[in-house]
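Novice: From these two lone chains plus the hints, build me the complex, please.
Here the protein sequences line up with chains X and C, keeping their order.
With the working numbering applied, the first sequence covers 1 to 309.
With the working numbering applied, the second sequence covers 1001 to 1513.
Wrong hints could be hidden among the right ones.
[Said to hold, decoys possible] Which chain X residues stay away from chain C? Per the calculated CB distances, all over 12 Å, these: (1) S5; (2) G71; (3) G110; (4) A170; (5) L242; (6) I245; (7) S258; (8) R260.
[What the hints assert, rightly or not] Which bits of chain C does chain X cover? Going by a derived footprint, with three or more residues having C-beta under 8 Å, they are: (9) 1073-1079; (10) 1096-1109.
[Unchecked claim] Sample of chain X residues lacking proximity to chain C, with all beta carbon distances greater than 12 Å (derived): (11) W3; (12) L75; (13) F82; (14) L108; (15) Y149; (16) L254; (17) Y264; (18) A284.
Read the hints as simulated data drawn from the structure, not as lab findings.
Computed from a predicted model, the values in this text were never measured in an experiment.
From the three backbone atoms N, C-alpha and C, an ideal C-beta is built for every residue, glycine too.
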Amino acid sequence: MDWTSWLVGTVSRALAFGVPLLWGTLGEIYAERSGVVNLGVEGMMILGAYAGFAVAQTLGHPGWGLLAAAGVGALAALWHAFLTVTLRANQYVSGLALTLFGLGLAGLLGRGWEGRPLRAPLGAVAVPVLSDVPVLGPMLFRDQTILTYLGLLLAVVLWVVLFRTRWGIAIRSVGESPATADSLGISVARVRYLCVALGGVLAGVGGGYLSVAYRPAWTEGMTAGMGWIVIALTIFSAWDPLQAIWGAFFFGALYHLSFRLQAYVSPELLKMMPYAFAILVLAASGFGRARWRARAPGALGVPYVRGER
Amino acid sequence: MAEGAREAVLLRNITKSFPGVVANDRVTFDLQPGEVHALLGENGAGKTTLMNVLYGLYRPDEGEIWVRGRRVHLRSPRDAIDLGIGMVHQHFKLVAPHGVAENVALGLSGTPFWAPARTVGRQLKELSERYGLPVDPDRRVWELSAGEQQRVEILKALIRGAQVLILDEPTSVLTPQEAGELFKVLGRMKAEGHGVIFISHKLDEVLSVADRITVMRRGRVVGTVRAEETDKAALARMMVGREVVFRLTKKACQPGEAALVVEDLHARTDRGTPALRGISLAVCRGEILGLAGVAGNGQRELVEVLTGLRRPERGRVAILGQDLTRASARRIADAGVAHVPEERIRLGIVPGLSVEENLILKKHHRPPFCRAGGLRLAAVRQFAGRAIEEYRIMTPGPRTPAKLLSGGNIQKLILARELSGNPALVIAAHPTYGLDVGATEQIREILLRQREAGAGILLVSEDLEEIMELADRIAVLFRGEIMGTVLAGEATLEEIGLMMAGERRTVAVGEER
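Only chain C is shown next, with the shape it has when bound in the complex (with noise of 0.2 Å):
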């Protein structure tokens, strides 16, 4: 750090606390013109707490903001962009149905009054030359990938002339390939004198972007070091708190009988577009079948269509050699699927209701819990109480609301549940998505557990390398196509990034069963 350099901006002590928690406590941190910061944490560590107080969506409790050598107060969003701070949201702050230009122009000051779209579509040519991020501007943003969805939030805040941009984890929805290409693209931005604060939690991404690398936990800074000057089992033990084992010990696949087949599967997403173009997958019992692919590929839709949430247009589900194509939900439940949803919140519990409630609901309605349509509560009880010691679950009681549990508990009921009786299939979507690494270890194990007891295991994931270590086949998904099926220990990371970004694999391996 040079002495004396006025820093791009400076947090001083930023205190800011919800009820129930203190989301930073004292965190100070500082960004220099022309360099890239990274902020690692584990998921609420509150690191996108302290850049949304930069960002003026959230006015802190304590602490003081400086920004280039002056002291500010941010009241809402606009003061910071009139600082020259923009942000990319991790969920893109854009309107789908609204063209690129238009998106862009939304709130821009200095655009005309009268079709504003047209000049900015000028501006954006040539900004987007400037710094290599191709994207048209008269397209919906609805039809744009990922990719080109954050190449339009960058351009967002560029033209509004950002000098500080903070990318709130960049690379979730990029396939490796494209999270090279922004990596690019941050080092012209350095070179023109930018300052960049990139969050994240992976180790590998921060350690090659980062020129600074600032560690924190449970809202506070545990430190603050030079990428060159470290590595990823020290930054992964500040990030943690305790030494982390990389490796999952896993037995070798045993693959029996079909859990799940799939044919030809076609369906469409909400909108009436096609989600589904012809998947045809097949998981055995005693394996886990990753799929791989970036979000919106077509993962809900099949999943949806799985578990009896979503009409196929054509094709066929078979699962134990049962066909149950458009059968409804609770039938392909008592087939013996076990569904661990992506919005565990909305689909997974029933907020409102109890612990021991919500760990029964599946079969809330035959014995032993119901008889005459009455509840049984001492059944219910002892259930539930045997699944709390068993999945390790941390409430208060088992008559708590199961919304006050924490993300990873609320997970942990979900599995008890889905998982009781043994299920023969189970299909889990993002299952460790947003939680610290303590419950995302337990939920592993919980998954391969239940692997080695005969399950086959449908994994949807956009974390990679939990694919890779989870999976002992991966099949990648693109624009609802299956671009191809790979044994895990077979698989580069490059290969997989590939198929992510829609080039298909012509040898098919391991479909046999």
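If we strip away everything but chain X, and leave its shape as in the complex, we get (with noise of 0.2 Å):
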């Protein structure tokens, strides 16, 4: 195996890792703006990835999977905002259970589908023109599915929305501070909800990838500790969708090369490398701390209840 090849495999592999992560990130970065913390993302993610494999076996369309892995990643971020916006629960608890619950149900639901690989896997797709280019082209333009492109076209958008329009002052004002929200009017619970749904969306849609085009088949603990990545991505990103693409690639890249290593280095070692670096990250961000924590929206974790100052 030359070098080239092997750059070309390892940047294209890492891409298509990095594509769950990307999505996942971007979802929790919607929801903590607008100040949930969703720690439910691993349960998402399950869960998505069971619904989307039994829809796209069922129905015969890896379409119509995603579709379902974006309906119950929906649903069950629906859950955890019924729980911490209605009722006020606390969000790490409720965030908790839900990845206990999303964990604990694919695997019960998913038992009779162990194994079998999916009929009608999501295909990559080959830009034209720019899938020629020598090098450049397989590394980046052939063996993708869509799911790249629009994960990373959804963060161009997501950082629009955020940064330069009436939506994105409204989301982050509620996730700084929902009492000035509330006192013009802006339905805080309403702008929690959506986000929250939306991460719930995305996180969903990544799980699916990872069982409709990444692995097309179903396996029980698939998604790995994916969504805990996707919580410390979220704090490395600055809570930023432009730096997400970044992190989550560079996390596509580790997970990669833990695979490839293993001729070389102890594959129990390896397997650590991403959650070993998210911690250190995590604990970077809290060194660093009138840099980071400056970022984090000020109201991240806390109900609100209208007129408690």
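Specialist: Right, here's the structure in full:
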């Protein structure tokens, strides 16, 4: 294996592995920008993965699978929103519960489907012209599914919406100072519900991607902790959709390398790598306090009650 | 009141109760276009509740709201805004990390979907010129002074077409000069036909700015008078329900040895921006040093450094000659420092613990309250009983949870705990903030008694009247620096106001000790 093909393969797989992380992170950024932490990303992703596989297998088209994944993710997120926004339950507890619930339910429902390959996986899209460019073509434009490009486009769109539109001002204000938004007639609950639901949709699609496109089969626990990486990436990207791109693909590369390097380094150590790195990132973000913390939404994790200051 | 004129706002027989209190009891209030109508009353009289009803934040239990001759039902602030009612809350409702234009654009109908801040920025320039409210649309709100933030709030209401503007205690964060500027703006708004509701508990400013004054007490309207037909004493009587003495009796100051010496103190805010830039001051035993200044100029950080809750970057803090610059809160307390914190419920008490437990908090770990790791309840009960009596703490019993007490009694509880054992230095931050006149008088007396007993007192307050009455010397803090120190007897309000706005006094007096 020569160097170019090794590099091409690595980058291409890193991109593919980064896609679910990117989708999940974009969703969590929106939820947290509106002031709601959702630790249920792992649960929403695995539910999305299961629903995506089951529906695509039954109906014979990956599109239906992804749609189902998005819908299931949204439902799970709405449950979290109901508990934390309407009932004002503790966001961390509710999110953890969602993760445990999702992992359990998907494992239970998925028993019969285990190990069977998907009959209608989502195929790669070779971009015309660009895929014929030497090196860069196979690296970036030949082996990717439509979700890679959609994810990148989504990051840009979500950035513009967040920082350059009326909606963005409302979302960020609700996350920073819900009382202010409330006093100007913006429904804090509605903004939070929508943002958390969007987070669920994106996490669901991220999970669906795993079972419908990346490895078209159902395996219990196939999200393998990606939801937790998403939480770390949200902080790592400083709640900025554009920065999430770099973070997601960097961690995608780490994931991929942990497979690639198995011949040389102990696999247990390698599998640890993305998570160890996530811990490092979180520790580092704690140190550079003034730089990172200042950008966390001011009301993150705090339920809003009108009349309290 | 002109006959037949359509009121800009009419509130009729508004009743609003919360669990345990009737905040508004059949309150009737009206506002004409082109007038400033002041709503006067002590804290807790129900002024803010009434205005929150008018702004759609609370729904009244009973009563009617009429706006320009039409009966309305307000379900949320949005309804109020649509009817041309704007409110500037006492605690500004601004998103601090966002820009001025973004804050104004938030929830503003009629702005374009894309890049709303840019369009709003242009509109802002026009409006701010028309009303004389200079503000830079591109700055971030947290960089602005309190006065500037207030201008943003007023512009926010005006750009939404507010015909009626509610100002809740607008001068509490302003220097006297800034307050003067605000009154000019209100004059211009009056001339343009806006109605202004001006909430306050300060008699002087109400008399100077308002056309009519409605006084509230304990949720009820005591009466409405025209400003030119009343005076300070009459208003105070209506507000408090009895004669009020405006002077405290205070013996001459006999400064003794230094209780607190601070030299070149530097510290940062939570954000990491400089909060204190070289503070030097001294408080002697037996004197009260008043620390004046607009909120957010380093008062909080200074108190936190002095009580061991924040680490200074550099400088020296000596208490009774002992260097305690980086000492822990407990070591500082043990050295004889009492701390009456600004946020009395968050920092002053443990709300869920009983009154008696709160009373011994600082000494719970040592005799006579504790022996071999166990609490001696008899000693605790005895101490608590004496403290409750001496400080006249109104509580159903020593075992009542402290959170059930009123603000004034919580403050007395804190003073009883902090002042037991005769501390050499008392650091009191906003000790009477939000308390009624009775409790305020009591707490001021307690502080003066402590001064006569030989304690040095650092009194941090935004209430200039309070500082002028209690302090022997007054130091003024601006952007983390002391602008000057003056003797209380010689200071004029204007001079202190200028220092609060950042003008440095060249000759410092009374610094020698």
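Novice: Are the hints correct? Go through all of them and say.
Specialist: Outcome of the hint check:
1. S5: holds, 45 Å
2. G71: Holds: least Cβ distance 27 Å, greater than 12 Å.
3. G110: For G110 (chain X), whose nearest Cβ neighbour in chain C is about 43 Å away, the distance exceeds 12 Å, so it holds.
4. A170: Its Cβ does come within 12 Å of chain C, the nearest being 6 Å, so this is violated.
5. L242: About 17 Å separates L242 (chain X) from the closest Cβ of chain C, which puts it past 12 Å; holds.
6. I245: holds, 22 Å
7. S258: holds, 37 Å
8. R260: Fine: 41 Å to the nearest Cβ keeps R260 (chain X) off the interface.
9. 1073-1079: holds (count 4)
10. 1096-1109: holds (count 9)
11. W3: Non-interface label stands for W3 (chain X): nearest chain C Cβ at 45 Å, farther than 12 Å.
12. L75: Nearest chain C Cβ is 28 Å from L75 (chain X), so the label holds.
13. F82: holds, 21 Å
14. L108: Since the minimum Cβ distance to chain C is about 42 Å, L108 (chain X) lies beyond 12 Å and the statement holds.
15. Y149: holds, 24 Å
16. L254: holds, 31 Å
17. Y264: holds, 43 Å
18. A284: Non-interface label stands for A284 (chain X): nearest chain C Cβ at 17 Å, farther than 12 Å.
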